Amino acid sequence: MVRFAAILFFLHLASLYALAQHARCGAVEHRQQNWALHPGCKEIAAINETFIENWIDRYKLAPSSRSVVTIPVVVHVVWNTNEQNISDAQIYSQIAVLNQDYRAQNVEAPSVPLVFQDALADVAIEFCLASKDPSGAPTNGITRTYTDNSVGIAGTVSLHYTNLGGQDAWDTEHYLNIWVAKFAGAVGGIASFPGEDPPEQDGVEIDYRQFGNIALEPPYHLGRTATHEIGHYFNLEHPWGPLFNDCCADDFVDDTPEACETYLSQCPVHPVVSCDEADMFMNFMFYTDDACMAMFTKGQKMRMWATLNGPRSGLLESNGCNSTPTTEAALSEEFLIFSNPANSVFSFEIKSNSSGTWQVQLSDVLGRIVEVGTAYPNVRSEFGVRNLVSGIYWLKAKKGMKILAAKIALLR
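Residues are numbered in our numbering as their position in the sequence shown, beginning at 1, plus a constant of 201.
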């Protein structure tokens, strides 16, 4: 595995390609635009990568304590024409595709070439349409919003805001938000890398013509655009790394061979070589036709699970797939975090209907306690963090049997 120092080097040198040039996916170009406009995004990416590397080093030989995790999904259909207002059945078909692909139960998996069979992974991630919304009310996990944007609202900031003609996100810490709408160009999808978009824009965007697998036009007709983009959402790179046409680049996964060919709109016959060994063109993170995609690898699985246990850990705490109604008592306490990411000081507030002191502690990603203190409910409190290094930290508050937790990013 190439360490993260190489990431910043390669991404610093990378040119900003027009989306039409690499038309299938716009995630990397979207990321580069974010980095150009908001330099702090690079630091967030660095923090995430450091966490991922440390988590993989620590847990790669240990079995996971969770056999399968289920991710609650909300699908926001933002439409201008009846054709764009896709059916519930089409949405159900996409969820089914995701569950097959991320569990290695897709029909193409047995056809993976023998040389790659040992790397083939059941990622052990499943997806459900949310059965309750952030307020605890029952839902089918689908929103529908009419927009007067006839050109194509996907790929624009407006998509994420109801008052701009799109649809507001649900709590992006605890739900995977997928917006389905029309792209004006040839791009099929865009995804947020963890923490690199504003929270209200965090998620995945898919063109309505590539979502699901019912009666769509080839070659992107089997739901693999969403499979691919959600890979980025879980911090997977393309197998050719952050650059195009450079065999020296890497995706920071050990068991995906280096490649300098995207295979855009192709369905090659194994073996084909663009670098020093056969390309794993059937990997979901290539640009091959949907019918030629077949697998994630064990290394990619570890990277996704590290992300789930770090920058996207809120998904593990979500009860969006639980149909049991939320009780008033369960909603009586809430952690509010201010100035996150923080520099030298961050502040927080415990919203609670009950009185009494909370015991508060700050710990690093390895569980080591670095600060302790007390806090009173409904009063803003502060922690000084001048002496701590940049990274991800966990703030926990405890009173009796009640425990609240929040993730903090510290940037220098």
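In short, the hints are calculated from the structure, not lab data. Treat the numbers as computed from the prediction; the structure is a model and nothing was measured. Please note: incorrect hints may appear among the correct ones.
Unchecked claim - Now the in silico label distances, taken between C-beta atoms and shown as ranges: (1) 474 with 336: 51 to 59 Å; (2) 535 with 290: 35 to 43 Å; (3) 588 with 283: 34 to 42 Å.
Every residue, glycine too, gets a C-beta built ideally from N, C-alpha and C.
### Task
Could you work out which earlier hints the structure fails to respect and list their numbers in ascending sequence?
3
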